[in-house]
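Protein chains in written order, with the UniProt record's numbering: chain A, 1 to 1064; chain B, 1 to 202.
Hint data in this document are derived by calculation from the structure and do not stem from the laboratory.
There's no promise every hint is true.
Claimed, not checked - To give an idea of the chain A side of the interface with chain B (calculated C-beta under 8 angstroms), a few residues:
(1) C56
(2) R103
(3) H111
(4) R651
(5) K671
(6) V918
(7) A1010
(8) D1013
We put the beta carbon where it would ideally sit given N, CA and C, even for glycine.
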Amino acid sequence: MVHVYNCHPFSSQQIVQVEQEPGLVCCGGGALFVVAKGGCKVDVYNLEKEGCPLICRFATMGAVRSFHHSKIGDYLVTIEEKNSATYLRAYTNWRYQAEEKSRVGVRLLGHLLRGASMWGGVQMEIIEIPLSDRPVAVACCAVTGDLLVGCENSLILFTLRTQMQQNLHPSQQTLSSSLPKTQQNSGQSQTSNQNLFVLDFERSVILHLPKITPKQVALCAGFVAVQAELEVLVLKLEETSDAETLEEPSNISADFPEDQVDFLLIPGHQELLGDRAKDCDICVSIEKTGLEDRRHYSLSYALFRRFSPEYFQGCSVEETQLHSLQLYPMFSSNQSVSVDEPACVFCFFSLPTAGYLYSMKGGVELLSAYLYPEKVLGAVLTDHLLHVITKSALQCFTVRCAAVAARLEDPYIDTTMKACPPCSLEVCALRMQLFIGLQSLCIYGHHVVLHSTADSETPEQTGRSTPRKGRELKEHNRLAGIFLAVGIDPATSPALENLLSRPFLRKWTISSPKESSPSGHGWNLYVIDAVSPLALYQEMDEYSQSYAETNPQSHSLRHLLSEAHLLLRVAMLQMSTRQRAAEDEHSASVQTGAREGLANMEMERSELEEAFRLNCVQLGDCFSRASQKDCHLALPYYRMSGLSVTDVLARNRTLPSSPRAYGQGFLFYLKHFLLEETEHSLTQEAADEVINIINQSEPSMLVEVCCSPAMTNISPDRTLRILRHLEDTAGVSVPVTIAMATMMLRLGDLPQFKQLMERHAEMQLVYGFIEEPRLLLRGAGGSQRASVHPTALTRQMVTSHSGLLIAGMVALYENNKVQLEQADDVFKELGCQSSLQVDFWEAMLMASSCDAVIEELLFRLASVYIDRLTNSDTGSSPEHKPLKSAEDLINWSTHYGALHPWLTVLNPAHMTSSQHQVALHKLQALLCGSSFSVDSVAPLLERLSDETLWGLSLHLLCDTRRGQYGRSMEKLLDKCPQAIIAYANHQLQDKNMALWWEKLLPELCNRTRASPDNTILLAALKETLVVVAMEMSPAEFLELIPDDGTASYFLPHLLTCSQRHLLA
Amino acid sequence: MTTKTSLLKVILLGDGGVGKSSLMNRYVTNKFDAHLFHTIGVEFLNKDLEVDGHQVTLQIWDTAGQERFRSLRTPFYRGSDCCLLTFSVDDNQSFLNLGNWKKEFIYYADVKEPEKFPFVVLGNKLDVAERQVSTEEARQWCQENGDYNYYETSAKDATNVAVAFEEAVRRVLSMEERTDHLIPTDTVKLHRKPRSAGTCCS
Ligand SMILES: Nc1nc2c(ncn2[C@@H]2O[C@H](COP(=O)(O)OP(=O)(O)OP(=O)(O)O)[C@@H](O)[C@H]2O)c(=O)[nH]1
Ligand SMILES: [Mg+2]
C-alpha cells in the first residue's frame, strides 16, 4: 500500500521570464541555465533571487544537445553539434560573461601553458575536449568535479585539475567558482583571493563496454553508472597503488557455453547486487590514458539491473525505457564534505511506471521501489524527496536516504540506545501539484524547475484559463484516481474525503505577477519552491495530531511519525553541512555577517533538536502503547527524547477506568530502565507507582525491580505488603525472602530481619544471591567495567552474616556476576580490606579454577600474610577472627600444602599473637604447597629477618623450593642445627640423596672438628653416617672418611655398610 | 512570421601584430586600443547582425598570429564558415605570409573543396603613411589565388571594418544557398515545419 499524505511539499511558484522557448534546461551553482530551442546561446538566471533575474548570457560554439553543470569547479559541460559534427566542451568562468560583448577564450584540453586568459582579467574560457567517439551523455561528480563522458560503446573519465595562477590584474574581479578540496561554496560567494584557479581536465581512464549502448551516465565518488535503454550497470572505480591491476585488464569475458546463447538473445529481468553483478553478460575493459598520471585503477561491479520490455504493463514496449539515472552522495553530519568521501551513495533510475532507489555503500541493496500511479517522464532525487513529473503533475515521494545515512553514521542505531525508522519503511506519496504539458524538471536546492509546453497532443489542456473551480474539481478527480490506483478508496475513509475536499493551493503563493498572462506563448518555465524538511515535518506533525486523537494505535500514525522523524534527520544533516560551510567561511573572513549567520544557525539547530525530541516522544508513545513486535522501540525513542522516567510514567498513566492497560512497549521501557544501572533514583511516589505497575503486570519481576538502584526511595512497608502477597500467591522463594529481609532492614526491624534470613539454609541463600545478584551488589551482572557497590543488606551482613556474605561473593564471582576488581572495590567500600577481603580471597582459592586468578590470589594472600608477620598491617581489626584457620585451608585447598615436619622444630609454641601465628602457618602452608611461585614474593620476603626461627623457616622454605639445599643446610647448621636431620630426612631424598654425603657429611665433619663438644652436631653426624652407610658401597664410604677421622668412630658405620653390601 | 538566425563562424588569420584583434574590437565594440597585447591562443565573440534581410549571428574568431602559438590556434580552424586573411599594408612580410596562412587554414580546417571556400583578404593599417604593400600587389595576389574579395581597412579610424565583415557574411550566405547547412540559433515558431535533411537541429 502506498500511503498518500496530504502534505504540501511546495510553497510558492514563480515564472522565469525567458524570451524564447526553452529547449534545454539545467541548474546548478544557484543558477538556471536555459538554451533556447535549437539555440547556440545560454541564458543564465539567478535562482536564488526573487524573480530569477538574468545573470548573464553567453554564446556556445555549436547547438547544445545536452548540458550539465558541475558544482565543483562551477563549469558547464555541453555536448554540441555544428555542421553534423559533435563536440564536447566545458565552459568555465561563465559568470564573467555579464557583458555579452566580451571575448571568450578557447583552448584545448591540456593546453594550459600560460596565464593566457589572465591578461585581460578574468575571462570566460571554453575548454574543447576532443574525443575520438561521438559523445552521447555526460555527467559530473558532485564530490570531485570529475567528468564522465558516455560514448557509443565506451565511457571516458576526465579528472578535474585545478591550477593556481597569479592574477596579473588584482584589481579585476576574481574567480568565484567553487573548487574541489578547497572551498565548497556554491559559485555565489566572491572570495577576495588574488590567486586564481584555472580549470583543466585530464583524460584518465577509458572503460570499454562493447555490449552496452549508453543513454545516460552518472558519476559519484568513484561509482560509475551507465544506463542503456533497459539496463543499468554500476561499477566502482578505485585508485590503487598496485600497478598489477592494469597489466591484467579486468576484462570479464563473456564466454558462455553454446547452449546458453539462445537464452541470452532474449534477456530477461535481472537484478545482480554487489559483487554478483560481475555475472552479468556485460564485459568491461579498462584502458588507462593519463599520460603523466601515475595512478592505477581497479574496477569492480556494484550493481546490474536489466528489465525485459514486456515486464511492465500499461506502457508500450517503445515507451518502456529507462530514464533519470542518478548517483547521489550524502555526507554524514560529522564528516567534512571537502575532505572525505561521502558516507552514502545512492543510485536511482526509473522506468515510466516505476523508480528504483539503491544504496551503494555498506552493501548494495534496493532501498525502495516506487510504483507510480501514472506514466512518469522524469525524476530527480534529493535528500528527502523523490520528485517526479508526469505529463500533468509534479509529485513527491519520500525517500529512505536519511535512514541509511543515520545507520552508517551512528553504530548505536538499532540498539537499545537509539533508533531510527527502518530503511525498508514503506515510502509514501505527498500531495501532487498539477501542471499542463510538463516536459522536464531539474532541481537546485529547494528550487524545482519545471519546463512545460501546452503545445502537446492534449488539446483540452491548452486552455489555461480554465476557471479555478473546474481546475480544482479536476485535481480532486485526479487525486482520487491516484488513491484508487494505489488501492485506497477515498470514499471509505472520512479523512481522505476531507483531504480531497480541502482547497488545494493552501499555503501556495504565486509570487510572479506574470502568472496571470502566460498564455501568450504555449510554454513556461516555472520555479517551484519546495518547503524545507523542517516545515514539511511540522505539517506532518500537525497531521499526526488528528491521527493520535482518533486512533493512537494505528499503523498510519506510526508511519507518519516515522516519515516525520526521517525529515528531521535530513534537516539535521543539511544543517551540519551548512554549518560547516559557514564555519569555513567564518574562519576565512571575520565578517560580522558570517558570525550572525552562525548565531542564526545555532538557533535553528536548537529548534531542530527540540522538534527531534518531540518527535521521539511521540514515537516513544506510539511504540509504548503498541503490543506488537516493535514495542521494544519505545525504549530507544524515549531515551532519545530525553524524557525522565517520571515523565514517561505520567504519559503512560492509565485512566482509573482501564486498570490493566499498560502497553507492552511501556513495560519494556520500564523494565529496561529499572534493570539498568542508573544513578538516577526515583522519588518515593514514582517508585511506589512503579512497584504497583510491576505488581499488576509482571509480579515475577518484583524482586528484581526492588533491587534497582532507581528504587532506593521505595516505601518499605508498602513493598513488604506486596512481597508478602506475592509469597502468598506464588509460594515462598529465597529471593523474595531476602528482598523482604532487606525491607525489614530498612524499617530498622533487626529481629524480623534475622528471622527472615534464618528461614533458609545458607546454601539456599547463596543460590538466592546467584539468582538475584543485585540483592547483594548494586551494579552486579552488568558490564565488566561497571562500578559495583554494596547494598544495605550487604553492609548489614558484614557484621551479622559474614560467612554467608563471603560465600555469596564467591558464588557471584564463580557465576560471572562480579569481577575480582569489582569485588575488591566492594570490600574497600565496606571497609574490610584486610579482614573479610582476605577471607574472600582464601575462599576464592578454594573455589576458583582459573590459573591466572589463582596466581593473583596467591600473591595477594602471601603479601597479606607477610604484612601481618611484619606488623605493618595496621588496618586489620584485631577482633576479626579469620573465617578459615590454617588447618582448614590445608585441608580444603590444594594450594596450601601440609607443613613440612622439620618446621615443627623451628616453629615456636607460642608467638606474640595468635594472629601472627595464623599468618605464619598460612604462609608456610602456601610455601609448602605446589601452586605458589616463590619468585613472586621473594622481594617481600627479603624484608623478613632470618634472626627469628620463624623468619628463618620462611627463608629456608624459599631456598628449598628454589633447590638451594646446600645453602639451607648451612643456614640450619648455623642457626638451628637441631633441625638439620629432620630437614635432611624430608628434603634430601631420591635424586637429592647424594647431598647427604656430598654436602651434609663433609659439613658436619668440618663443624664437629671445629667444636668437638657440640653434642647436637655429633648426633647429627651420627645420624648422617647411618644414612650414608645405608646408601653407599664400602669403597665409596672409605673415600668419604676424613683423613684425620678417628677410625673407631667411623668403623661401626663402615661395618654396617659392608654387611649391607654383602647381603645385596 | 518565421525568422531564421544562422550562426556563422568567421576566423581571422594573419601575422602577429597586423591588427586582427584590433579589427574585431573595432567591429564589435567600436573601440581602438593603441597598445594591445598579443593574443595568446584563440578567443571569440558573437555579434548579431542583419545582412540583406538575413538575421545572422556572426561568431568572430580571433587567433594568435605569432608562430609560437600555432598549436593553440590550429585545432579551432575546423568548422569555420569564412576565413579573413589579414596583413598589414605597412609590413611586406605579413603580406608575403598570406599564402602560408591560407595553406595552414586549409590543412587544419580540413576543407573539402578549398577552391570553393570563401576567403576574404584584409589589408589593415590603411591609415599608416609608410606603405610597404601596394593596393595593386594585394589585388593581384587575390586574383591569382581564387578571386578573393579584398578590403583595405583601418582598425584605428574604422575605415572599411564593418563593410569587410558584412562582406564575409555575404560570401558565406551565397555559399549556404547552395549547400544549406545553416544552424538556426533560435527559431520563434509555433508550428512545426518540415525541414530539409541537412538541418541538424530539432
Ligand atoms: N595605426 C594603426 N595601428 C593599428 C591598426 N590596427 C592595429 N594597430 C596596432 O597594431 C598593434 C597590433 O595590433 P593587434 O590587433 O594586437 O594585432 P594582432 O593581429 O591581433 O596580433 P596578434 O594578436 O599577435 O596576432 C597594436 O598596437 C594596435 O594598436 C590600424 O588600423 N592602424
Ligand atoms: Mg591579437
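Quick rundown of the hints versus the structure:
1. C56: 13 angstroms, violated
2. R103: Status holds, d = 4 angstroms.
3. H111: Interface hint status for H111(A): holds (6 angstroms vs cutoff 8 angstroms).
4. R651: 64 angstroms, violated
5. K671: For K671(A), the interface hint is violated, since the closest Cβ of chain B sits about 69 angstroms away, which is over 8 angstroms.
6. V918: Cβ of V918(A) sits 101 angstroms from chain B, so the hint is violated.
7. A1010: 113 angstroms, violated
8. D1013: 121 angstroms, violated
Going through the hint list in order, the structure does not satisfy hints 1, 4, 5, 6, 7, 8.
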